[in-house]
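J.: Got chain H; can you put chain L with the ligands on it based on the hints?
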Amino acid sequence: MNKELVIDVRGITKRFGDKTVVNGVDISVQRGEIYGFLGPNGSGKTTFIRVLCGLLKADGGGGTCLGYDVLTQSDEIKLHVGYMTQKFSLYQDLSIEENLDFMARVYSMPGRRQVVDAALERLGLANRKEQLAGQLSGGWKQRLALAAALLHKPQLLLLDEPTAGVDPKARRDFWLEIHKLAQEGLTVLVSTHYMDEAEQCDRLAYLAYGNLMVNGTVAEVVANSGLHTYCVTGGDMQKLVSLLDGKYPGLQVVPFGIKLHVFSRDTALLERVAAEYAKDDWQWEKSEPALEDVFIELMNRAKDNYA
Amino acid sequence: MKTGSTVWQRFVAILSKEFIHMRRDRTTFAMMVGIPIIQLIIFGYAINSNPKYLPTAVVSADNGPLIRTLTTGMKNSPYFEFLPGRPTEAQAKRMLELGDVQFVLHVPEHFSRDLIRGDRPHLLLEADASDPTAMSNAFAAMNTLVTTVWQRDLQGGANMGDYVPSPVDLRIQAKYNPEALSQYNVVPGLLGVVLTMTLVMITGMAITREREHGTMEALLATPAKPIEVMIGKIVPYILVGYMQVSLILIMARLLFGVPFLGSVVLLLVSAFFFIIANLTMGILFSTLARTQLQAVQMTFFFFLPSLLLSGFMFPFRGMPQWAQYIGSCFPMTHFLRIVRGIMLKGNGIIETADHLWPILLFTLVVVALGSKLYRTTLD
Ligand SMILES: Nc1ncnc2c1ncn2[C@@H]1O[C@H](COP(=O)(O)OP(=O)(O)O)[C@@H](O)[C@H]1O
Ligand SMILES: [Mg+2]
Chain H
1 MNKELVIDVR GITKRFGDKT VVNGVDISVQ RGEIYGFLGP NGSGKTTFIR
51 VLCGLLKADG GGGTCLGYDV LTQSDEIKLH VGYMTQKFSL YQDLSIEENL
101 DFMARVYSMP GRRQVVDAAL ERLGLANRKE QLAGQLSGGW KQRLALAAAL
151 LHKPQLLLLD EPTAGVDPKA RRDFWLEIHK LAQEGLTVLV STHYMDEAEQ
201 CDRLAYLAYG NLMVNGTVAE VVANSGLHTY CVTGGDMQKL VSLLDGKYPG
251 LQVVPFGIKL HVFSRDTALL ERVAAEYAKD DWQWEKSEPA LEDVFIELMN
301 RAKDNYA
Chain L
1 MKTGSTVWQR FVAILSKEFI HMRRDRTTFA MMVGIPIIQL IIFGYAINSN
51 PKYLPTAVVS ADNGPLIRTL TTGMKNSPYF EFLPGRPTEA QAKRMLELGD
101 VQFVLHVPEH FSRDLIRGDR PHLLLEADAS DPTAMSNAFA AMNTLVTTVW
151 QRDLQGGANM GDYVPSPVDL RIQAKYNPEA LSQYNVVPGL LGVVLTMTLV
201 MITGMAITRE REHGTMEALL ATPAKPIEVM IGKIVPYILV GYMQVSLILI
251 MARLLFGVPF LGSVVLLLVS AFFFIIANLT MGILFSTLAR TQLQAVQMTF
301 FFFLPSLLLS GFMFPFRGMP QWAQYIGSCF PMTHFLRIVR GIMLKGNGII
351 ETADHLWPIL LFTLVVVALG SKLYRTTLD
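Which chain is which? The protein sequence lines are H and L, in order.
Each residue of the first sequence is one higher than the last, beginning at 1 in the working numbering.
Each residue of the second sequence is one higher than the last, beginning at 1 in the working numbering.
For reference, chain H alone in the conformation it holds in the complex (with noise of 0.2 angstroms):
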């Protein structure tokens, strides 16, 4: 028998005026799994993970969120999810400790003081409770948003981009604290555009336009792109660049730090492609898409289809 489904949701759709931000998107994740959300900007992610919550009411589709309705039992819902929003949404004038109190108040956490005190510890904040959230750098902000989102115990945890713009030792430290929360049993839903977090999830789904167009593990989506890539070093990549973007259908150029990454779907434009540059001291060599080649293919794809 499969694990139990934390989150099982089928044709969610949710539109604001006579636009669709989500479009038909089934869902389905495991207890204490990470499951990344990818996606351009504009895709529906948050809105999403609102209907998932209770923020927003479905305008179609429907299924369960910890086994409760997601349209008629948000209530309950929200009783038992950690939801750290995409903007910092601590008060930035109520102290460290004013914050996690007030957290725990509104969940009626019995023994809040420990609690609240607990948290505090856990965080390395215990000595400086009183200074007020809004004067934390950014990395403690998301460290205090976390230990907020999580005082209540939560089952499910929704982290809408939670690492955008904190630096790369506070970004490791908090996946490092995400695994070891989902070792312990708590399942975490993250949207994310760092391909180093993506590659971290257990499984993932790839949103744009609102149109949920790929899931599965990262060997899986990686597998099932049908892309051929072809990574070129040396040479002027300037160059290269100029004389292949745009002037084949289909073919796709990446810079990836001082290397190029040229990929398809069509093994034989590809092949062409290689044999015809092969000079001028680019070396091109096969290789494994990265997650990256994927997404990118998969945005150009849809904005063709649905933009």
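With a straight-line cut-off of 30 angstroms between C-alpha atoms, the simulated BS3-like cross-links for lysine-lysine are: (1) K141/H <-> K225/L; (2) K225/L <-> K19/H; (3) K129/H <-> K225/L; (4) K259/H <-> K247/H; (5) K225/L <-> K153/H; (6) K19/H <-> K372/L; (7) K57/H <-> K372/L; (8) K225/L <-> K57/H; (9) K87/H <-> K225/L; (10) K87/H <-> K372/L.
What the hints contain is simulated information worked out from the structure, not anything from laboratory work.
Quick caveat, the model's predicted, so the values are computed rather than measured.
T.: Quick look at chain L with the ligands alone, frame taken from chain H:
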């Protein structure tokens, strides 16, 4: 009960959070306390202003010594300053219209004779009352003057006993602004002004601030219900409203000796309805406003007509009919009448209830509108 206590806990959570915001936000707090004080002092200064030597014309067919006794007494009061010459009735009317004189004293024919006979002749003091605060002292002086100024002339007269309280029938006719005769009208009005301005604005801002800062999203993702959020936010401002009411009433009493004839409890109860009316208006605005700035702009959109059409700035009966209709829609118009009635006339529950129901009606309409517009989700 389990659910009851969690609801209560959430309410207390929001309430105490709101108090912390209030304490931290010095500017807003200063505004809530500062506006009543500043307005009271500014208007109070106007109340207290005690202009003297106001230009006065005398229209008289009688030029006897008793009239001279009166005008000398008035001159020494010292609120009146007489223009030379004796204008005709028509000339005096024109002077009053043009504002050349503040008062016209009309002395009827045979005034001296009737006065000596003890027939209590008429004496008419016409006043330009477009600036009522300017004249109240003059009126007061005139009222005492007529009972005392002829004391020596009439002393020993057989009918002295009949001259109580006054040997003449003094009539004061305030033109242009017959309603605003009392210098104390301003203070009760200020209650309405201050409550309308601060409460509508502050509730509007308190809610839009959460939306603007994105904290509303996190708040609504918790088990806290929108209605609990709303009530938790309103209650602190009810207290703020009462703090302002007390501040104004106490200062009005201490600084300017404004009388309070009616029941304080009745006033405080009526104020509750008025405060609620303003808070619901603030909430309605917050459902419409996307930003705090918009909430402030909407407040002024509501506040200015309230101020101008309620009878605070201009006498209500003096406004054109359409303006009176519009003015009647605003709770401040009715609250002004309630407060003036209770403080200055000693009105009771019956008279007060007359003006209470329009405020209630207003609140119901606003609540109905608000619940239509209020989003329990983020849509
Ligand atoms: N409350 C709203 N009203 C109207 N349009 C909205 C609202 N919220 C989001 N949108 C639109 O929906 C689209 C998806 O937004 P969002 O879910 O925030 O995307 P993402 O989080 O993937 O960047 C955007 O085009 C955005 O402008
Ligand atoms: Mg987003």
